[in-house]
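Asks: Protein chains in written order, with my numbering: chain X, 1 to 456; chain D, 1 to 456.
If you're looking for bench data, these hints aren't it; they were derived computationally from the structure.
There could be a bad hint or two in this list.
Note: identical chains are not told apart, hence a pair may lie in one copy or across any two.
[Unchecked claim] Using 35 angstroms as the maximum straight-line C-alpha spacing, the simulated DSBU-like pairs for lysine-lysine come out as follows:
#1 K38 / K322
#2 K447 / K56
#3 K94 / K62
#4 K94 / K447
#5 K442 / K206
#6 K176 / K359
#7 K206 / K176
#8 K210 / K176
#9 K360 / K176
#10 K176 / K438
#11 K210 / K154
#12 K210 / K322
#13 K210 / K438
#14 K322 / K94
#15 K442 / K62
#16 K422 / K176
#17 K38 / K4
Number of protein chains: 2
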Amino acid sequence: MLNKSILNELQDLVGKDRCLTAPEDLMVYSHDVFCQSKPDVVILPTTTEEVSRILKIANREKIPVTPRGSATGLSGMCVPAQGGIVMAMSKMNKILEVNPEDRLAIAEPGVITNDLQVAVEAVGSFYPPDPASQTICQLGGNVATNAGGPRCVKYGVTRDYLLGLEAVLPSGEVVKAGGRPIKNVTGYDVTRLLCGSEGTLAVITKIIVKLIAKPEARRTLLVAFRSIDDASTTVSRIMAAGIVPRALELMDQRYIRNCENMYHLGLPTDAAAMLIIEVDGFAETVDRQANIAREFCENEGAFDIRLAQTEAEADRMWYARKIGSVALYRLSKTMVTEDATVPISQIPAMVRRLNEIEKKYNMVIYLLAHAGDGNMHPLMTYDPGNKDEAERVDNIIREIFEASIALGGTLTGEHGIGLAKKPFMHLEISPAELDLWKNIKKSFDPKGIMNPGKFV
Amino acid sequence: MLNKSILNELQDLVGKDRCLTAPEDLMVYSHDVFCQSKPDVVILPTTTEEVSRILKIANREKIPVTPRGSATGLSGMCVPAQGGIVMAMSKMNKILEVNPEDRLAIAEPGVITNDLQVAVEAVGSFYPPDPASQTICQLGGNVATNAGGPRCVKYGVTRDYLLGLEAVLPSGEVVKAGGRPIKNVTGYDVTRLLCGSEGTLAVITKIIVKLIAKPEARRTLLVAFRSIDDASTTVSRIMAAGIVPRALELMDQRYIRNCENMYHLGLPTDAAAMLIIEVDGFAETVDRQANIAREFCENEGAFDIRLAQTEAEADRMWYARKIGSVALYRLSKTMVTEDATVPISQIPAMVRRLNEIEKKYNMVIYLLAHAGDGNMHPLMTYDPGNKDEAERVDNIIREIFEASIALGGTLTGEHGIGLAKKPFMHLEISPAELDLWKNIKKSFDPKGIMNPGKFV
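The task is simple: from the sequences and hints, build the whole structure.
Replies: Here you go:
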């Protein structure tokens, strides 16, 4: 608990309506999708100056500060593990500039990702990163977690679109990193060090993103396979051929059937696995790209290949991918999804390992994957109150991570470490590497107030 | 000078033939293109293990260590400002893997950039970064300086192609950062922190780069304008339209005439400025892209538009850009080139500022630019022995930097800080930002042995 005089100081600074301590407010701001821990106070700053003044107080008093966007994360990154202040950035939500001539946009961290995308597409520009939560998540959270999404297989992740940041250090100092120019090698790349730092280094208060030209056309294919091995082999063949689709998503039979049961989208429920393949670019190239992808699918025995004839049909195909996992919540008390990521050539091996693991533990693993970049999303439903089931889930998660690392992969392709993957970091990271991270953390945050209790 | 017993220890470690102290060897390894400072010893390691053992000795004895590639840099980044050890990476020059299926290649730091490019293009892949020195520079140097090049306007810089690194800390600890997966958000982005760190943090010993598909076709245009303002306006119009050329290079009349005098390439010497515009992609799109670019040029009054009919003709156009600046060396004792970079929309303003500055100081500023990303390369020839001329050059450089910063630009788009731009860092970087960099530096290198005397 914060002592009364500090709380008063914070309330004097931003007003009581933006410095919340009611139990119901603390509850609302205590969780992300899967993890939970209660803060002592929730502050909603509106300016960089306020962020700086709050951090000065927190640093003086050694109060934990956990920055938070829309809390759509899946690993507990924005959950205040050690209480203290949750700094919710949702009121710093202005788009400050959209500039197609300089190929950039500038936004505050609380801007909803999709709002920025709509604004830049209105002037013919494009901001590619598209996490599944894009209609509710905030840009600041995307930067802090280096968010990905289906389109990232072709266009890269959040990190690849950052030109510069403004951030406030725990000391209250405001620093700029990068800036407006497309090319910039002045000094250390603090921009990308902050990107993916999960709120452990500083509070991001302004974001300059690079824009690209909006692709003229797209073609969307939904393809059914007789075996998941055929589907995953197709993925690695397509990627090796250099036809980089805008998205290349894999779903297995159980996922498809469960999704179809709930949403009645007309999915091929007889397929052992299904791919959604989307290509884009100049209008005159998309049919050829789609045909090349189709050929690869046919070569691996695809038995049902549908090309979306309208935007609406394409959107319906994406519906299965984007919210199909929600249908899993009906099956048990909760759900867990991982994002172990392997080199593309190892996708078939990883799929086989998942099959072995589910047999060993007698649990169903639903499979969804941003397959084009090796980013697997195995899903399980279970009852956390059932001790035996919860234990099996824990073991499966551990074995999934071990399998991923053994295949040259990583613990997390896009969800982040947060609280959920902290126990597994030693599988990927050496003591020397962790020591280095701790030293980097200290160089920003000597008193350790930024999001303590997390990966570093 | 190193004391004799340390020198013996180093020579015992790698052998005398890779631990050089002869005056002529020290001379050879004392400079880059523009800067010079002599080391006490030059060591050429062949393995990560050797690098680690050398660094342990250097760290114990607090001996400066400056890693070095081919020394094609222009700012003194690999020049040992405080003597000590130059660690030349040229013997760690193996391409370890080219893997189009996983879209990656793995190489040691001493691999020549162009050798890697040839190797990956042989299997239909593409590694875009193309610094002008690509046929002689080393990949490790490219990473340490975040090297750019003409193609970076479309494809991004070295940083954008790094999946992972192996590096040795000053303590001798070997650390990995990133890895084989395309997507990876495990922990801090040490990969990109090392990229562009100019040898001040660690020695890079292995590099994993991302590959993309080799573009099927290109079209190259050489376009002559009646004024440099027309040419620079064309650049910002093309970029705003979202036709992102693979390269968009600007040269002014003096540069063109001097180049033509030496090489007789048939350049339009009556043009006030010339653009090289190159588009690439799927075969069916390049003519349309070239036509759109042509239209923009015509709208701004271009009077001579040549489309290369053969690869050889395109290469001849590029010849003017790639080695034309060498022709400037004939005009005086030496040459200096800067790389102040501005937002694209500010190119015309920056060009006007350069005109004012050259009039004020009565010096000729030749202009070359990666115009598509606002990366200006003003060039001057002068006699450093002529005090008045050298002083005017110093003043011009300062005013160029001031102009760039005032227009929202940066000191360096791709050449780096090194020694040359250290005096101007305060124009762009606040004391708080510099303090942060110093803290980051300490987190890697507490004793300050890595490339001391540089930007941090």
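Asks: Now tell me, hint by hint, if it's right for this structure.
Replies: Quick rundown of the hints versus the structure:
no., hint, in the structure
1, K38 / K322, "within (30 angstroms within a copy, 60 angstroms between copies)"
2, K447 / K56, "both (12 angstroms within a copy, 30 angstroms between copies)"
3, K94 / K62, "within (30 angstroms within a copy, 50 angstroms between copies)"
4, K94 / K447, "within (31 angstroms within a copy, 44 angstroms between copies)"
5, K442 / K206, "both (23 angstroms within a copy, 27 angstroms between copies)"
6, K176 / K359, "between (52 angstroms within a copy, 34 angstroms between copies)"
7, K206 / K176, "both (9 angstroms within a copy, 31 angstroms between copies)"
8, K210 / K176, "both (16 angstroms within a copy, 28 angstroms between copies)"
9, K360 / K176, "between (51 angstroms within a copy, 33 angstroms between copies)"
10, K176 / K438, "both (22 angstroms within a copy, 15 angstroms between copies)"
11, K210 / K154, "both (16 angstroms within a copy, 12 angstroms between copies)"
12, K210 / K322, "both (25 angstroms within a copy, 27 angstroms between copies)"
13, K210 / K438, "both (30 angstroms within a copy, 28 angstroms between copies)"
14, K322 / K94, "within (27 angstroms within a copy, 43 angstroms between copies)"
15, K442 / K62, "both (14 angstroms within a copy, 23 angstroms between copies)"
16, K422 / K176, "both (30 angstroms within a copy, 18 angstroms between copies)"
17, K38 / K4, "within (18 angstroms within a copy, 62 angstroms between copies)"
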